[in-house]
Amino acid sequence: MERKVRMESRNTVLCGANAYEQKYYFNEQFKGIPESIKDELHILCVLFTEEVGGVFLIAFEEDGSIVLETNADDDDITYDEVSSGLLVSEIRRQRQELLESLQLYYKVFVMKEDISEYLS
Numbered sequence: 401m402e403r404k405v406r407m408e409s410r411n412t413v414l415c416g417a418n419a420y421e422q423k424y425y426f427n428e429q430f431k432g433i434p435e436s437i438k439d440e441l442h443i444l445c446v447l448f449t450e451e452v453g454g455v456f457l458i459a460f461e462e463d464g465s466i467v468l469e470t471n472a473d474d475d476d477i478t479y480d481e482v483s484s485g486l487l488v489s490e491i492r493r494q495r496q497e498l499l500e501s502l503q504l505y506y507k508v509f510v511m512k513e514d515i516s517e518y519l520s
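As numbered in the numbering used here, the sequence shown has no gaps in its residue numbers, which increase by one up to the final residue, 520.
Rather than coming from a laboratory, the hints here were simulated on the basis of the structure.
Wrong hints could be hidden among the right ones.
Stated by the list, open to error - In silico DSBU-like links for lysine-lysine, alpha-carbon gap of 35 Å or less:
id : residue 1 : residue 2
1  : 438       : 423
2  : 507       : 423
3  : 512       : 431
4  : 512       : 438
5  : 507       : 438
6  : 431       : 507
7  : 512       : 423
Construct all of the structure, not just a fragment, from the sequences and the given hints.
Here is the structure:
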């Protein structure tokens, strides 16, 4: 059975986990991110999919904003949409500093923005 999960295709995926295939993905475009942060992202993504199932992605929108995406197969009766929404909110609260740092990293190293406005 082929699995199709719909995600926003205009976003640049940083990393993600897939409960169906039990796989983790990290975009090598961001290999400059410190290993400790990569490890933290790996754990975060895998634990998310272990808890609620489906697919979980951390991605950058075109403007550099961080987006946390979660979705599941249409026929997945074990995926808990309410729990996934609550967990996304919890991640945003508990990992706010990490997410803001990743957003700044993207704007500086990928979008080549001048960071002086962020430092004032």
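Going down the list of hints, with the structure as the test:
The suggested pairing of residue 438 with residue 423 holds, with an alpha-carbon distance near 15 Å, which does not exceed 35 Å. In summary, the hint linking residue 507 to residue 423 is supported, as the alpha carbons are separated by about 28 Å, within the 35 Å threshold. The hinted pair formed by residue 512 and residue 431 meets the criterion: a straight-line CA distance of about 17 Å does not exceed 35 Å. Only pairs whose Cα atoms come within 35 Å are accepted, and residue 512 paired with residue 438 is accepted, the gap being roughly 21 Å.
For the hint linking residue 507 to residue 438, the alpha-carbon distance of about 18 Å falls within 35 Å, and the restraint holds. This hinted pair checks out: residue 431 and residue 507 have alpha carbons roughly 15 Å apart, not beyond 35 Å. Of the pairs offered as hints, the one joining residue 512 and residue 423 holds, with about 31 Å between alpha carbons and a cut-off of 35 Å not exceeded.
When the structure is compared with the earlier hints, no violation turns up for any of them.
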